[in-house]
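Asker: Sequence:
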Amino acid sequence: MIFKITGAILIVASCSMGGALYSNIYINRLENLKAFSICLEMLRSEIAYTHMTLSEASSIIGQKTDGPVADIFTEFSCILNLKKGYTAHIAWEEALNKNLEWLDFNDEEIELVKTLGDVIGTSDTVNQEKSLTLLSKQLDMLVEKAAAEKDKNVKMYRNLGLLGGLGLAILLI
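Position 159, counted from 1, in the sequence shown is what UniProt numbering calls 159; the numbers after and before it change by one each time, with no gaps.
Fair warning: there could be bad hints in the mix.
[As the list claims (entries may be wrong)] Taking lysine to aspartate or glutamate and the DMTMM-like style, the derived pairs with C-alpha atoms no more than 25 Å apart in a straight line are:
1. Lys145 with Glu31
2. Lys137 with Asp104
3. Lys137 with Asp151
4. Lys150 with Asp71
These aren't lab readings, by the way, just hints derived from the structure by calculation.
As the structure is a prediction and not an experimental result, all values here were calculated from the model.
Could you build the full structure based on these sequences and the hints that come with them?
Answerer: Structure follows, in structure tokens:
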């Protein structure tokens, strides 16, 4: 009997942990979207007001933030500095592809983040600032959408893990 109770407790605990881990995808996704939005604003400010090069601005942004978004900007800066002849678009794609798995973004968010490579380094400061502002507004809409999905899904997956574990434990006892 003690083995059945111990097994049931382990099943409930592991299913609950699985639900909590799966719900963390939505939490991390929202945090990374917010961090990317902040970094985008910082990039816009650095380009518009300090007139830094793209490489310098990206390096500073990478140092001021943390997490996978900071890694993207740091990698982008390194690629621009070390690989001569790379366009900003190619460098951004390469930096993004190296760190994409840690972002937990869906396809729509990935496409929007990839468009940053099309925007930066292709025009003068004024047009880049306008493009970055537009991109920032689009990203803010995705942040709101991700926040709504997080509110809906985090609680659901945590409860689903717990209740699934309880149901499985009851069936096995």
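Asker: Do the alpha carbons of Lys150 and Asp71 lie within 25 Å of each other, as the hint requires?
Answerer: 24 Å, holds
Asker: Hey, Lys145 versus Glu31, does the alpha-carbon distance stay inside 25 Å?
Answerer: Cα-Cα ~13 Å, so holds.
Asker: Is it true that the CA of Lys137 sits at most 25 Å from the CA of Asp151?
Answerer: With a Cα-Cα distance of about 21 Å, the restraint between Lys137 and Asp151 holds, given a limit of 25 Å.
Asker: Within 25 Å, alpha carbon to alpha carbon, are Lys137 and Asp104?
Answerer: 20 Å, holds
Violated hints: none; the structure is consistent with every hint.
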